[in-house]
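Q: Produce the complete structure using the sequences and hints provided.
Single-letter residue listing:
Protein chains: 2
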Amino acid sequence: MEYKIKNMDEQEFQRKYLNLKILKGIQTYLKSEGEEESVVYPIRVPQELLYQMVKLQGAESADKLVHHIFTIGLSIWSERLFQESFGAPENLKAFIQLMKERESKEK
Amino acid sequence: MEYKIKNMDEQEFQRKYLNLKILKGIQTYLKSEGEEESVVYPIRVPQELLYQMVKLQGAESADKLVHHIFTIGLSIWSERLFQESFGAPENLKAFIQLMKERESKEK
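Keeping their order, the protein sequence lines are chains A and B.
To convert, note that position 102 of the first sequence is 101 in numbering that gives the first Met the number 0; the numbers rise steadily by one, no gaps.
To convert, note that position 26 of the second sequence is 25 in numbering that gives the first Met the number 0; the numbers rise steadily by one, no gaps.
These are computed hints drawn from the structure, not numbers from a lab.
It cannot be assumed that every hint is accurate.
As the list makes no split between identical chains, a pair holds if one copy fits it or if it spans any two.
Straight-line Cα separation of at most 20 Å, SDA-like style, residue types lysine to any residue; simulated pairs [unchecked claim]:
| hint | residue 1 | residue 2 |
| --- | --- | --- |
| 1 | Lys23 | Glu78 |
| 2 | Lys54 | Leu19 |
| 3 | Lys63 | Val38 |
| 4 | Lys63 | Ile75 |
| 5 | Lys20 | Ser31 |
| 6 | Lys63 | Ala93 |
| 7 | Lys20 | Ile95 |
| 8 | Lys104 | Val38 |
| 9 | Lys54 | Tyr40 |
| 10 | Lys63 | Met52 |
| 11 | Lys15 | Tyr50 |
| 12 | Lys20 | Glu47 |
| 13 | Lys15 | Lys54 |
| 14 | Lys99 | Leu64 |
| 15 | Lys23 | Ile95 |
| 16 | Lys20 | Gly33 |
| 17 | Lys20 | Gln46 |
| 18 | Lys63 | Pro41 |
| 19 | Lys63 | Gln46 |
| 20 | Lys106 | Glu78 |
| 21 | Lys20 | Leu80 |
| 22 | Lys20 | Met52 |
| 23 | Lys63 | Ile42 |
| 24 | Lys15 | Glu89 |
| 25 | Lys20 | Lys54 |
| 26 | Lys63 | Ser74 |
| 27 | Lys63 | Val39 |
| 28 | Lys23 | Met52 |
| 29 | Lys54 | Tyr16 |
A: Encoded structure:
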């Protein structure tokens, strides 16, 4: 894949820029085990799973498990987003360089 | 791995029995895309991800994405639970057979 970092159009730049922000937020979230950069959001979870876990191991363990399952999904999803947006660490570096150049031009 | 389905102790039987119930619930949940056998549960999600998605694609898309991420994790986690509890479809069949035998004895 040829990666046209310098020639990307504005729309593509903005898309990558937003994805990078999202990825950085996810990284912080995962490192802090959901303590940082997070908001509470209601989701639907499998009833039997939740009930059995609360019954067997208590509410705190059930909470941990639901978050554990969510972070498994999040790790995989964010890896895909990274691959789709940048493909390789070098492309990310090139993009960050481009961001810096744009920022210094704007000043 | 030798699978001692007939000789398992009561504790092991109960553990597998509960895991099977959980797995069945998850399967129904996944098939119905969270519509069936689900309860609403608050989780912490990455803030930037949620905000950007709501901004870019609206609240409904953000909701779908959060659920999509959760189901990725759930598919992987339940596959692991299945492997750990039964290992192979034949063992599951043998266990279901054992369940039926116990049920008919209890009647």
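Q: Now, for every hint given, state plainly whether the structure supports it.
A: Right, here's what the structure says about each hint:
1. Lys23 with Glu78: The answer is within: 12 Å in one copy meets 20 Å, while 29 Å across copies does not.
2. Lys54 with Leu19: between (40 Å within a copy, 16 Å between copies)
3. Lys63 with Val38: Answer is both; intra-copy 16 Å and inter-copy 16 Å each pass.
4. Lys63 with Ile75: both (19 Å within a copy, 16 Å between copies)
5. Lys20 with Ser31: within (17 Å within a copy, 32 Å between copies)
6. Lys63 with Ala93: Result: close neither inside a copy nor across copies, 38 Å intra and 32 Å inter.
7. Lys20 with Ile95: within (11 Å within a copy, 48 Å between copies)
8. Lys104 with Val38: neither (35 Å within a copy, 51 Å between copies)
9. Lys54 with Tyr40: Between. Shortest inter-copy distance 16 Å satisfies the 20 Å Cα cut-off; intra-copy 23 Å does not.
10. Lys63 with Met52: within (10 Å within a copy, 25 Å between copies)
11. Lys15 with Tyr50: between (41 Å within a copy, 16 Å between copies)
12. Lys20 with Glu47: For Lys20 and Glu47, only the inter-copy Cα distance (7 Å) is at most 20 Å; the intra-copy one is 36 Å.
13. Lys15 with Lys54: So Lys15 and Lys54 pass the 20 Å test across copies only (16 Å; inside, 44 Å).
14. Lys99 with Leu64: neither (40 Å within a copy, 30 Å between copies)
15. Lys23 with Ile95: within (13 Å within a copy, 46 Å between copies)
16. Lys20 with Gly33: For Lys20 and Gly33, only the intra-copy Cα distance (17 Å) is at most 20 Å; the inter-copy one is 29 Å.
17. Lys20 with Gln46: between (34 Å within a copy, 11 Å between copies)
18. Lys63 with Pro41: For Lys63 and Pro41, both the intra-copy (15 Å) and inter-copy (12 Å) Cα distances are at most 20 Å.
19. Lys63 with Gln46: both (15 Å within a copy, 19 Å between copies)
20. Lys106 with Glu78: For Lys106 and Glu78, neither the intra-copy (33 Å) nor the inter-copy (52 Å) Cα distance is at most 20 Å.
21. Lys20 with Leu80: within (12 Å within a copy, 34 Å between copies)
22. Lys20 with Met52: between (35 Å within a copy, 12 Å between copies)
23. Lys63 with Ile42: Classified as both; 15 Å inside a copy, 10 Å across copies.
24. Lys15 with Glu89: Close inside one copy (14 Å), not across copies (47 Å); limit 20 Å.
25. Lys20 with Lys54: between (39 Å within a copy, 14 Å between copies)
26. Lys63 with Ser74: both (16 Å within a copy, 17 Å between copies)
27. Lys63 with Val39: both (14 Å within a copy, 16 Å between copies)
28. Lys23 with Met52: between (32 Å within a copy, 15 Å between copies)
29. Lys54 with Tyr16: between (45 Å within a copy, 15 Å between copies)
Comparing the model with each numbered hint stated earlier shows that hints 6, 8, 14 and 20 do not hold.
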